[in-house]
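S.K.: Residue-level listing of the chains:
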Amino acid sequence: MKRFVLSLLAIFVFLFSTACSPASSSEGAASNSSANYIENKGSDTIVNLALAWAEKYQAEHPEVRISVTGGGSGTGIASLINKTVDIANASRQIKDEELSEAKSNGVDPVEHIIARDAIAVIVNPENPVSQLTLKQISDIYSGKISNWSEVGGDDRPIVRLSRETNSGTHVYFLETVLRLGSKEDKTLFSMDTLLLPSSEGIVAEVRQNPNAIGYDGLGYVPKDLKMIAIAKEAGGAYVLPSIATVNDKTYPIARDLYMYTNGEPTGIIKTYLDWILSSEAQQIVADLGFVPVSPDSSS
Amino acid sequence: MEKSLNWREFVITRLVKASGYSAILFVALIFFFLVREGIPTFAETSLSSLLSIRWYPIEDHFGILPLITGSLVVTIGAGLVAVPLGLGTAVYISEIAPRWMREILKPLVELLGGLPSVVLGFLGILLLSPFLRVFLNLPTGLTALTGSLLLGGIAVPTVVSVAEDALDAVPRSYREGAWALGATRWQTIWRVTFPAARSGVLTAVMLGVGRAIGETMTVMMVTGNAPVLAVKLGSLFSPVRTMTATIAAEMGEVAGGSTHYHVLFFIGMVLFLISLGVNIAASSVVFRTKKRAERILS
Chain G
1 MKRFVLSLLA IFVFLFSTAC SPASSSEGAA SNSSANYIEN KGSDTIVNLA LAWAEKYQAE
61 HPEVRISVTG GGSGTGIASL INKTVDIANA SRQIKDEELS EAKSNGVDPV EHIIARDAIA
121 VIVNPENPVS QLTLKQISDI YSGKISNWSE VGGDDRPIVR LSRETNSGTH VYFLETVLRL
181 GSKEDKTLFS MDTLLLPSSE GIVAEVRQNP NAIGYDGLGY VPKDLKMIAI AKEAGGAYVL
241 PSIATVNDKT YPIARDLYMY TNGEPTGIIK TYLDWILSSE AQQIVADLGF VPVSPDSSS
Chain X
1 MEKSLNWREF VITRLVKASG YSAILFVALI FFFLVREGIP TFAETSLSSL LSIRWYPIED
61 HFGILPLITG SLVVTIGAGL VAVPLGLGTA VYISEIAPRW MREILKPLVE LLGGLPSVVL
121 GFLGILLLSP FLRVFLNLPT GLTALTGSLL LGGIAVPTVV SVAEDALDAV PRSYREGAWA
181 LGATRWQTIW RVTFPAARSG VLTAVMLGVG RAIGETMTVM MVTGNAPVLA VKLGSLFSPV
241 RTMTATIAAE MGEVAGGSTH YHVLFFIGMV LFLISLGVNI AASSVVFRTK KRAERILS
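As you go down the protein sequences, you meet chains G and X in turn.
Under my numbering, the first residue of the first sequence is numbered 1, with each subsequent residue one higher.
Under my numbering, the first residue of the second sequence is numbered 1, with each subsequent residue one higher.
None of these hints come from the bench; they were simulated from the model.
For clarity, every value in this text was computed on a predicted model and none was experimentally measured.
Yeah, the Cβ is synthetic: ideal placement off N, Cα and C, and Gly gets one too.
Possibly wrong hints are sitting among the right ones.
Said to hold, decoys possible - Restricting the straight-line Cα-Cα distance to at most 27 Å, the calculated cross-link-like pairs of lysine-lysine (DSSO-like) are:
{"no.": "1", "chain 1": "G", "residue 1": "K223", "chain 2": "G", "residue 2": "K95"}
{"no.": "2", "chain 1": "X", "residue 1": "K232", "chain 2": "G", "residue 2": "K2"}
{"no.": "3", "chain 1": "G", "residue 1": "K103", "chain 2": "G", "residue 2": "K135"}
{"no.": "4", "chain 1": "G", "residue 1": "K223", "chain 2": "G", "residue 2": "K56"}
{"no.": "5", "chain 1": "X", "residue 1": "K17", "chain 2": "G", "residue 2": "K144"}
{"no.": "6", "chain 1": "G", "residue 1": "K226", "chain 2": "G", "residue 2": "K144"}
To be verified - Which chain X residues face chain G? A few, computed with CB under 8 Å, are given here:
{"no.": "7", "residue": "L127"}
{"no.": "8", "residue": "P130"}
{"no.": "9", "residue": "R133"}
{"no.": "10", "residue": "G177"}
{"no.": "11", "residue": "A226"}
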C-alpha cells in the first residue's frame, strides 16, 4: 500500500515537472512578432481560402507558422477586439458597434480587401424556377411570398434556408437582399427561416428537398446544384454568378472579402498580406471559386 | 498500531466526505457563475423584451420564449419515444429474455449509448430527415420530430441501463410470492416488480430526460434552428430552435460583456433551473415512496 502511494506520488511529480519545461512560443498571441506565428480567425466563407493560402505560404516560407480557424465573421472580429488574433477574416464590413468596442479596447482595425465573392442563390435541380428578381428573393425570405407558385413554380411551400446569425454571409444577405441596400429598412428574415450551422447543411438540404431555397458563397456551391439567375429590377437582365459578372458588376449580389489587422500591419504580417495580393495567391482565389482582386483595384 | 489505524481512518473519512461535498460545491459554483454573468440581462433588457416572440440577437431582439418552447417540445417528444421503448426494453431484458439473449442484448444497448451524438446528427441530416419529409409529406424533414426521434434514441440506452439494474435489484421473493398466489407473468411484472422498482425506474427516466434536454449537437444539426414559437400540435412537425443549440451556435461570436453575452448566460441559467426542477420533482417522489415503504415493512 505504501509503495503504491509512493509510486503514484512519483508519477504525479513527474507529470507536473514536464509541464514546467520552457514553452516554445505560444505565450499569448499578442506577442506575435516575437515568434514567427500568425493567428488567423474568422469567416467560414474565407476559411478554405485562408487555409489554402497558409499552406502555400508556409511551403515557401517554412520559418513562418500560420494557424487558421473558422467560426464566423463575428467571431473573428470579436477575437481581434479581444486581441487574441493577428488577422481577422470577415465576409462583411466591421460594424459601428464593433468599431467603437475596438477603440475602447485600444484596437484599431485596418481593413484589407483580399478577394471578391458572389452569393449564389440555389434551388433544387427539380425546381422549374430558374430566374428571380432581387425584390422577389427579398419577399421570399421576409415571408411575404410562401409558395413557389407565386414566382412561377409548382404548388409547393417554400422552405427558406440561411446561415446562422454569426455568419458574415448572413448579415450581408440581410443588408443587400432583404433590405435591398437601404439602411432605414428594418425587414427581418421570416421567423421560420431555417438557420443551419454550416454551408454543408444548406447544400445537403437543397440537394434533396424540392421545396428548398438557400444561399451561400459561390465557392461553396457544388456544380450539381441549380443557381438562380438574378435581375436587379423587374425587366432587367437575369444574370448568373461568375467571375466575369462579378468583376463587371452586373451580378447584383457580390461583395468584397476582408482581412482586418490591428493597426497597419508590420513585419511578417505585412509580408503575408502583400503576398496575398500577389498574382500567385490570387490564382488560388480563382481556383477555389472566388473572384480575384487585382492589387490596384483594392478599393 | 491502534493510533495509526485511527489516523488513517480519520484521513479517509474526511477525504470521502470532502469528495461528497465537493460535488455540491461544484454545482453551486457553476450556478453562481451563470447567475453572475446572466443577471446583468435584467439591467440591459426589459422583461417584456425577453418574453417577446422574436429571437434575432444581432438586431437586439432577445425574445427567449421560442427557444424555451423549442427545447420543451423536443424534450417531451424524446421522452415519449425513450420512456416506453427504454422501459419496455429494460423489462424484456431483466424479466423475460432467456439468459443467453440477455448476455447479448445488454452489451449491445451499452454500445448504442456510446455512439457520439454528432454521428447521429449526421445520420439524421442524410437519412432520417429526407425519409420523414417524404413519408409524412412535410415541407422539410428538419423538424422537432426528427430531433425527438434521435434524442429518444440517445436517451434509450441510459434509461435501459438504469431501469434494468433497478428491476434486477427487486428481491426474487417478491416475484415468487406473486407466482405462488397464481399471478400470470405480466401481472407479476406490472403489479409487483415494477412498483417495487419504482424509485430506480423514475431515476432512469429522469436521467434519460436530463440527457435529452441537454443534448446540443444533434438538435443543432437536425431541428432546423428556426426560432418559432412551438405551441401548436403541428409544431412537432415544424422546425424549432432549442436553447442548447442557440448557446452553441452563438457563443463564439459574442463580444464578452455585451447584452447578447448576458442573455446567452441567462438562457444557460434557465436551462439549469429546468434541469434542477426536474431533478427535485423526481427525487421528492422517490423519497416519499421510500418513507411509505419503510413504514409498511417495519
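S.K.: Check the structure against each numbered hint from earlier and tell me which ones fail, lowest number first.
M.R.: Numbers 1, 2, 3, 5, 7 and 10, in rising order.
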